[in-house]
Amino acid sequence: MSSSPIIRFKDVHKSFGSHNILKGLTFDVEKGRTLAIMGPSGTGKSVTLRHIVGLLQPDSGLVEVEGHDMAHIPQAEIAEMRTRMGFVFQSGALINWMTVADNLALPLRENTPLSEDEIARRVSEKLDWVHIADAAHKFPSELSGGMKKRVGLARALINDPDIILYDEPNAGLDPEIATAINRVICELTNNLSVTSIVVEHRIPCVKAVADEVIFLDEGRALLRDTPKNFFSSEHPRLVRFLGDQRDIPTTT
Amino acid sequence: MIPTRLIVAFFRDWGFRLDLYLKVNARLGDIPRRWQWITEQLYQSGIGVLHVILLVGTFIGMIAALQAGIALSTVGQQDQIGTFVALGLAREMAPFITAIILAATVGSAYAAELGTMAVSEELEALEVMSIDPLRLLVLPRLVALLVMCPVLTIICNIVGVLGGGFVAQAQYHVSFDLYMELALEALRATGTWIPLPKDIFAGLFKAFVFGAIVTVISCSCGLRTHGGALGVGTATRRAVRDSIIAIIISNYFMTWIIYR
Ligand SMILES: Nc1ncnc2c1ncn2[C@@H]1O[C@H](COP(=O)(O)OP(=O)(O)OP(=O)(O)O)[C@@H](O)[C@H]1O
Ligand SMILES: [Mg+2]
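These protein sequence lines map, in sequence, to chains A and B. Read in the working numbering, the first sequence has 223 at position 223, and its numbers run on one by one without any break. Read in the working numbering, the second sequence has 329 at position 77, and its numbers run on one by one without any break.
No wet-lab data here; the hints were simulated from the structure. Predicted model only: the values in this text are computed from it and were never measured. Glycine included, every Cβ here is placed at the ideal spot set by N, Cα and C. Be a bit skeptical, because a hint or two may be false.
A short, non-exhaustive set of chain B residues, derived as facing chain A with CB atoms under 8 Å [to be verified]:
1) 357
2) 373
3) 376
4) 379
5) 381
6) 382
7) 383
8) 385
9) 386
10) 433
Footprint (simulated), chain B over chain A, 3 or more residues, beta carbon under 8 Å [stated by the list, open to error]:
11) 25-34
12) 167-176
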C-alpha cells in the first residue's frame, strides 16, 4: 500500500540561537501508518513534532502535512487542519484553571456546534478510554503526573483526529496503566485512516504500536527500519543507545 | 546614547500591545458566548479589590480634605473644602488611584496567570487545538476591567467625598451638610457640549481608558512570557511598571484634552 506521504520532512534544519537542533532531518509517513521516533534526550524529538503542527517553523527545508507546506500555509487553513490533528504534549499541557472534563470539552465547545449532551457523552467516552473517569471534576493541580498525561491523551483524541502525535505518552505511567494506554494507542494506530507519530523510549511499546522506527540523533534520522530489524540492528550508535535492551539477532 | 536594541524592543512591545488591543476589539461580538468567564473575571477584579478601594478611597478623600483645609483656612475659606475634595476626586484622584490599584492587583494577576499558561505549554496547547487565546483569555479580562474600573471609580468617589466630609467636620468645623452641599454643587456643573455632570464623566472616561490600558499591557506581558518561573516574575513586574507609566502619561493627555 503505497500512497503519498501525509507527513514529509525534507532536509529540515532548525536552530535556537547558536544551538543547532535539527541538521537535515528527512523522513516521511504514509497515510494510516505509525512511525516511532527514538533518540537520546535533547536531540529534538519534541521539536520535530512541533514542526508538524506548525508551532515551530524550520529555518530551512520543507515540512509538509497533507501536501501543505507548513511554513507558508494561510492561518485559516492551518486552524482547520489542526482540528483534525491531536497532539499529546510531553508535559500534558492541561489548562490549569479548568476541570478535567472542561479541558476535554473545550475544543468541542469552541470549534464545533455540538450540543452539551453530545459533548458530555464524548468527554466521558474518552475519559473511559484512558481509565480516568473518576477524575472528571478534578482540576489538573489535583492530579498526579501520570494522570495529567492520560488526560492530555484523552484531550488529543477528543476530535477523533486523523493525525495523532504522541510525545512520550507512556512516560511516568505504571506498567499496568501503560499497557492499557498502549492498547488504546494500538487500536487507534491500527485504524487505517489514522496516521501517527509516537515519540517513545520503551521498546515494548514501540514494538507494539509502530510500523517503522527512526533513530534521531545529531539532528538527523540516522536509521529507519521496521521494529524487528531496528532493534537487532548492528549500527554502532544504536547499539550504544539501546545497550542491554537491544535484541540479540537470532539469525546468522 | 540608547542602544538601538532597546529602541527596537520598545517599539516591538508597544506594537504588540496595540495589535492585541485592535484584535481583541475585533472580537467584541463574542461577548455573549463568554458570559460565564466574564462574570468570573468581573467577580475577581471587582469584588476581589472592593475592600482596598473602600479603604484607600476613604483615606484619599481625607488627605485631600486635610490639604484643602490647610490651604483654605489661611484665607478663611474652609467652607469650600467640599468643592475642592469633590472636584479633585472626580477629575483626577479617584480614577487614578483606582487604576493604580487595579494595575497592582488585577493587572499583575492577569500577567501572572497568562504567563504561567505560556511557560507551561498551555498557550501552545490552545494553538494546536485551534482555540483563539484572545477570545478565551483576553476578551473576558478586558470586559471585566472596562466595566469594573469605572464602577470602582464611582465607589472611590463616594467614599472619598464621605471621608473628606468627616475630616472637614472634625478638623475644620465645617458642618457635614454644608460640605456635602458644596461638593454636590461643584459636581453638578455640566459640560459645554454634553448636558451631563462634566467632571464625573471626565473621570469615568479616564477610568474606562485606564481599564483598557491595564488589561492590554498586562495580558500582552503575560502572553509573551518565556523562561519558566523567572519569566513569569519578569512579566508581572513589567506589566505593573508599564501599566503605571502608561496610566500617568495618558492621564496627562486626557486632562489636557478635556480641560484645555
Ligand atoms: N523554544 C526553544 N528555545 C530554545 N531551545 C529550545 C526550544 N525548544 C527546544 N529547545 C532545545 O532543543 C533541544 C531539543 O529539545 P527537545 O525538547 O526536542 O528534546 P527531546 O528530544 O524531546 O528530548 P526529551 O526526550 O528529553 O524530551 C534541547 O536542547 C532544547 O534545549
Ligand atoms: Mg521531548
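Each hint, compared with the structure:
Residue-level restraint check for residue 357(B) is violated (minimum Cβ-Cβ distance to chain A is 18 Å; threshold 8 Å). Contact between residue 373(B) and chain A, as hinted, is supported at the beta carbon level, the nearest pair being about 4 Å apart and thus within 8 Å. At a threshold of 8 Å, the smallest CB-CB gap from residue 376(B) to chain A is about 5 Å, leaving the interface hint in force. Proximity of residue 379(B) to chain A holds as hinted, the smallest CB-CB distance being about 6 Å (cut-off 8 Å).
Taking 8 Å as the C-beta cut-off, the interface hint given for residue 381(B) holds, the closest approach to chain A being about 4 Å. Hint status for residue 382(B) relative to chain A: holds, with the closest Cβ pair at about 4 Å, below 8 Å. At its closest, the beta carbon of residue 383(B) sits 5 Å from a beta carbon of chain A; the interface hint therefore holds under the 8 Å criterion. Interface hint at residue 385(B): violated, since its Cβ lies 10 Å from the closest Cβ of chain A, which is beyond the 8 Å cut-off.
The criterion of a C-beta within 8 Å of any C-beta in chain A is not met by residue 386(B), whose closest approach is roughly 12 Å, and the hint is violated. The interface hint given for residue 433(B) is broken, as the beta carbon of that residue sits about 49 Å from the closest beta carbon of chain A, more than 8 Å. With 0 residues bearing a CB less than 8 Å from a CB of chain B, the region 25-34 of chain A misses the requirement of three and the coverage assertion fails. Coverage of the region 167-176 of chain A by chain B is violated [criterion: at least 3 residues with CB-CB distance below 8 Å; count 0].
Hints 1, 8, 9, 10, 11, 12 from the earlier list are contradicted by this structure; the remaining hints agree with it.
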